[in-house]
Amino acid sequence: MKRAVIITVIAILFAPLCLYANGSRPKGKPASLLSVAVAPVDESLSLDNVSAGDVLELEVTLLSHADLEKVSLTVKLSGHIELLQGEVDWSGPLKSGGELLLPISVKILKKGIGKIKVRAFSRISETVSFSASDTFKIGRDEDKKPSRLPIKEDGKGRNIIEHRL
Amino acid sequence: MDTPLKQFLSASLILIFQLQLSGCSGSSGGSTGGASKLDRVSTNSLNATAKDGEIVLSWNEEADATYNLYWLDTTGVSSADHLGAFRNLSVPFYNHTGLENGNTYYYVVTATIDGSESADSREISAIPAIPSGTGFSLAGSIKYEDREYGVSGFTGVTYLKAVRHASVEVVDSASAGVIASGVTDDSGAFSFIDVVPVATAIYVRVLSETSVADIPEVAVKHTSTANLYAVGGADFSPGGGEVSSILLDIPVDSYVAGAFNILDVMTFSGEFIKAYEGAAPPLLNAYWQAGNSSYGTWFCDAGGAQCPKGAGIYVLGGYAPGSGDTDEYDDDVMIHEYGHFAAFEYSRDDSPGGTHYLNKNDQDMRLSWSEGWSAFFVGGVKTWIDANKAELLSSESGTLLSQYVDTDGSSSGLTFDIADPEPSWNIKYASSELAVANVLYKTMSNTEAGMNAIWYAFADYIPYNYDPSLPVNIEALWDGWLTLETEASADFPILLANFTSMEIDYYRDGLEEDGTINPARTINSGEIHTLYLNYSTASRDFDYAAFDAVKGTAYTVRTTNLKNGEDTTLRLFDPDSFPFATNDNGSGADYSACDSSCPDNNGTALASKISFTAYTTGAFHAEVTTSNLRPDSAGRYGSYSLVVTSP
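Line by line, the protein sequences give chains A and D.
Going by the working numbering, the first sequence opens with residue 5, and the numbers climb by one from there.
Going by the working numbering, the second sequence opens with residue -19, and the numbers climb by one from there.
Just chain A, with the same shape it has in the complex (with noise of 0.2 Å):
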C-alpha cells in the first residue's frame, strides 16, 4: 500500500510531465528544482466521511533537482486538526534526485475546515532560491473566494464580467 501511495505522489509531482505528454505541448516558466507534496497514506479515504475523532495519517515527499547544501520543509496545520505525530520543521541538505519522505498523523477535532500546509525553501546566494509548496485541505474550502462576477454585454456585442467598483 504504501508503494502505491508514493508511486501516486510521484505521479503527482510530476504529473505537468504527463500532460504535456499529448497533443500541442505549452511552453513554460522554469520549474523549481524543489517539490513537494502531502496526501495520505491510505489513498482510498473519503475526506467527505472524515468524522470528529479520526486520526489521519500522511504522508510528505520533498524531492530535489539539484544538490542542494540547506533545505528547509516546514508543516503549518489550521482549522480544526490537531498534531499526533510527526515533524513540523526539517532541514538538511538534499542530493540532486534525493527523496525525503516524513510520515506526519493528524487529529481530526471537528467536521469542518482544515488545512495540513507544506512549504519547501532553499536559498543558494542572494540572487538564487527556490520553494514549492502544496496545501491538503479536509472539509471545506476556508479561503475567500472572489464573488462570481456578472456577465454583461460590451459596447461590440462581446460578453464580458464586470467589477463595479
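Possibly wrong hints are sitting among the right ones.
Think about it this way: if two alpha-carbon atoms lie no more than 25 Å apart in a straight line, the pair counts; the simulated DSS-like pairs of lysine-lysine are [as the list claims (entries may be wrong)]:
hint, chain 1, residue 1, chain 2, residue 2
1, A, K160, D, K289
2, A, K121, A, K111
3, A, K119, A, K141
4, A, K74, D, K408
5, A, K160, A, K111
6, D, K408, A, K99
7, A, K141, A, K111
8, A, K74, A, K111
9, D, K254, D, K408
10, D, K289, D, K369
11, A, K141, A, K114
12, D, K289, A, K156
Don't read these hints as lab results, they were simulated from the structure.
Because the structure is a prediction, the values reported are computed rather than measured.
Dock chain D against chain A, hints included.
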C-alpha cells in the same frame, strides 16, 4: 499636461467648458506596503462635474465612514495641509459652490472609519464655467494597483499604474447600453466629448484589452468563460453642457486588478518587439482568473487539453495568501511566456516543451534554445523598459534587470540571475537553457550590434534563411550572426568570447587543419576536438587522427565527452586508407526519429564506438564527423575527445 480632452478643447471654440486633469503622472497617491483596506478607501472612484460657479464631487461610499474633502486652487492638495477642507461629511458627495468660473480647483478626499483617516485619494481637478452645449463631456484616468517584487518575493509595496491603451466605455446604468466608446492613452487618461445625455445615471468602465492602432494587441480573458474583464466606476448623472472628471483606481483586493497587470506586461513586451520589428505584434490572448491553478503558466501555439480556450498565454491566479499562484503579478514569468509567443510569431520554435530545469546542462538542444531565448527575453524587455519607460517596471529598486523572479506561490517559487549563473551549477554548453540565456544577454549588453543583431538572427535569419529541415537551436543563431559578421568584424571576438565563456565551442580548434587522412595527427586522448561549419568553404568539419595497430591485437576506438549536443559518427581506415568499420552510436541505438523522447545530451548517449582486431600492422586512422542520423535534440556542432584502448 495636455490631455486629449484639453487638446480637443483648445482646437474647438464651440465648447465653453474646460477641464484639466492632474495627478496622472503615475506617482501620486500610490499606496505602500501593508496597505489596509482603509488605506485605499475612497481612492477607487472620484468624480468631479463642473457647472456654473460650482463643482459637484462624488466618490464611492464606504460603510460606517465619514469623509474629509480637501481642496486648493493650486495643484498639490493634501490632507496634511489642513487648508481648504470640508470635514466630517456623512455622504459621499459634495457640491462646492461660490467658485469663480475659469479657475481650476483641485481636490482629494479621505475616509475616516473608527477615528482613523485613510490615505489621500488621487488628486482631481475641474474648472467651473457657464454651460452652453446640450451634450456632456467627461475625462479622467484609470489606474490599477500593482505589487512590487524583489529577489525575496513581493515586498508588500504597491503602486498605482496606468491602464494604458485600453478600451473605455460610457454605460447607461439603467439599460446597460453603451453610449460612448474610447481608449486610454499612455498615461491612462481618457476623454469623451459632447456625449448625448441619458435620462438615468451613467458610469465609466474599462475593458481588459488594448484597442489602439499601432499598439500591441492584447486581450486578457477569464479562463473559464473566455470573456474580457471590465471594471466600472460609480454611477453619476451629468447634465447637458457639463464636464466631469473621473478617476478609477482598481485595487489589488478587487481580484480583477491582476488582469490589468497582465494586460500591461503583455503590452510593454509587445512594445519592445515593435522597437526592433518596426510594427506592433498581432493579437495575443491571455487567459487568467483568480484561483486558476489548473492552466498555466504557459504558452500554447494552438488549443488543446492544456489550453482549452485556444492559443495564448495561460496565467495561474491566486485569490488569497497561499491559495493559488499569483503569477498575474509575476511580471518576469509573463514576459518569459511572451518570449515564447514572440518565437512562435516571428521566428521558429521546435521545442518539445515540457518541464525544464535551470541547472541542467544536458537538455534537448531545441528545448535549451527555446527556454534560453525566453529567459533572455525577460532581461531584454526589462532592459529596454528601464531605458524607455522605467515607470512600468515592478521590481524593487536595486533589483538587477537580469534577475528573474517567480514569487512564491501555492506550488513553487524561483529566483535566479541570467547574467551571473549560480557557480555551483557549473552552467555551460548549448544544451543548457541558462547558458543560452547568458550568451544572449551578454551579447545584447556588450556588442555594438547588441539587440539588433539578436533580433535579426531571431526574426529574419532563422525563419527565412535557416535550413527548414534543421531543428532550431542556438546553432541557428550562430549561423545567422556569421552572415552578418566576419572574423574581421569588431564584434566577432566578443561574440566568440560570449560563446566560449559558456564552453559553447563552435569554432575551429587548435588541431585544425586536419581535413584529410594524410597527414593526420596521432590520437592523444586528452585532446578536445571541435566539429564546426567552415564558413569560408561552407563545408562541414571532418576530423582525422592516426593510431598505430599491431596485427592480431584487439582495439576499441571511441568518442567520449561529447559536448554542446554533439552526435558523432566514427569511421576507421586501415593503413591502405580502406574504410573497414563505421559506427554512429556505441550503444547500437537509433535515435534518428526519437522526436520528444530523445536521450539527454549527456556526453555518452550519442557517442560512437568501434571494437576490432587489427588484420594488419601499421598506421590506422579514425574519421569523426557529425552524424547524419543525429536526433533533432542534438546539434551539428560541438566537441568530443577520441580514445583508443587495447586490452
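We went through each hint and held it up to the structure:
| no. | hint | result |
| --- | --- | --- |
| 1 | K160/A with K289/D | holds (20 Å) |
| 2 | K121/A with K111/A | holds (15 Å) |
| 3 | K119/A with K141/A | holds (5 Å) |
| 4 | K74/A with K408/D | holds (24 Å) |
| 5 | K160/A with K111/A | violated (56 Å) |
| 6 | K408/D with K99/A | holds (20 Å) |
| 7 | K141/A with K111/A | holds (14 Å) |
| 8 | K74/A with K111/A | violated (31 Å) |
| 9 | K254/D with K408/D | violated (32 Å) |
| 10 | K289/D with K369/D | violated (32 Å) |
| 11 | K141/A with K114/A | holds (14 Å) |
| 12 | K289/D with K156/A | holds (20 Å) |
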